[in-house]
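A.B. asks: Given next are the chains, with one letter for each unit.
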Amino acid sequence: MGMFDFLSNAGKKLFHHGEDNAEAIKKEIEGSFSELPVDGLVVDVADDTVTLAGLAKDIATREKAILIAGNVEGVAHVNADQLVSPEIVAATNTRDLPEPVFYTIQKGDTLWGISTDFYKDGSKYPLIVEANLEVIKDADKIYPGQAIRIPELA
Amino acid sequence: MNKITILSIITASVLLVGCGEESKKEATEAATKAVETTTEAAGNAVKATKEAADKAVEAAKEATEKAVEATKEAAEATKEATAKAVDKVEKAAGDAVADAEGAKLYAKCSGCHGADGKTKALGKSPVIAGQSKEDLVTKLNAYKAGTRNEAGMGTLMKGQVASMDDKSIAALAAYVSTLK
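Protein chains in written order, with this note's numbering: chain F, 2 to 155; chain H, 94 to 273.
In case anyone wonders, no lab produced these hints; they're calculated from the structure.
Wrong hints could be hidden among the right ones.
[Said to hold, decoys possible] Restricting the straight-line Cα-Cα distance to at most 30 Å, the calculated cross-link-like pairs of lysine-lysine (DSSO-like) are: (1) 58(F) with 217(H); (2) 65(F) with 237(H); (3) 211(H) with 121(F); (4) 148(H) with 27(F); (5) 58(F) with 201(H); (6) 121(F) with 226(H).
Using the sequences provided together with the hints, build the complete structure.
C.D. replies: Pasting the structure below:
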């Protein structure tokens, strides 16, 4: 991600007064590759700063797109914060880990009853057994005070 | 009617038995009178019967008309129910098509948002799974219009939805809202 600096007085003369410079850079990038380099490419130009956004095919393509935009006369900065590639996505995506759900068996509990309480369906109790194989060694021998885990329904 | 006749005859007979010539004549007259009364009664009865029959016919006619009306109404109701059912089926088919369309559109989103919509894209987007369809449509349209910049990724998202029309956005939003 990040902001990249270039010499604004060097490079290809793409910018023309009163024309859509963003569109010109977009065409320049897309025209430089044999297949679409950036899915959903958006180019914004504000003064000497170009913002690129989209999903580049890969890391190399992303870097080339940044360079193509930067090597335009009049461009001093390329903001590529929103130009990502599958590698960047894979490295930055996160998922909330599910909070563990533990349950302590009470006197009089049955697996069927526990399954009914948590899943509103007693017949799903094998899921609980399955999720506690090493804890509930014998489904017929659960005991009060024994703690088990209640897995999330897939 | 029969009772009257029998009564008349009995009366006449009683009068006839043990009576003289004159009383016989009187009895005959009485009997004749009784027969006349009977005949008249019979006539009245026939008239009454006819009236009753007419009334019955009228009632039957009315009932038939009502039944026809009811049948018509039932047919109308059936027609309506059928139309509704057809609508429902068509809608279900439409929904299924939209679902498939939504799933197809979501394929490119899943890279960042996760196949189940529960990934925080680039570690900073909210979880999109299960958001309401209405909210999602609003947000997607805002991205398209360039007025939304969630987590500083508005331009990236703009590029992703730029080519989607209202129908696609609706289908995609519907699909994401069903993710769990």
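A.B. asks: Between residue 58(F) and residue 201(H), is the straight-line Cα distance small enough, at 30 Å or below?
C.D. replies: holds (12 Å)
A.B. asks: Is residue 58(F) close enough to residue 217(H), meaning Cα to Cα at most 30 Å?
C.D. replies: holds (21 Å)
A.B. asks: Is the straight-line distance between the alpha-carbon of residue 148(H) and that of residue 27(F) 30 Å or less?
C.D. replies: Not satisfied, since the Cα-Cα distance of roughly 92 Å exceeds 30 Å.
A.B. asks: Does the alpha-carbon distance linking residue 121(F) and residue 226(H) stay inside the 30 Å limit?
C.D. replies: Measuring from Cα to Cα gives roughly 27 Å; hence the hint holds.
A.B. asks: Regarding the pair residue 65(F) and residue 237(H), is the alpha-carbon distance no greater than 30 Å?
C.D. replies: Distance ~26 Å between residue 65(F) and residue 237(H) Cα, so the pair holds.
A.B. asks: Hinted pair, alpha-carbon criterion (30 Å max): residue 211(H), residue 121(F). Please report holds or violated.
C.D. replies: holds (24 Å)
This entry does not satisfy hint 4, going by the numbered hints stated previously; all others are met.
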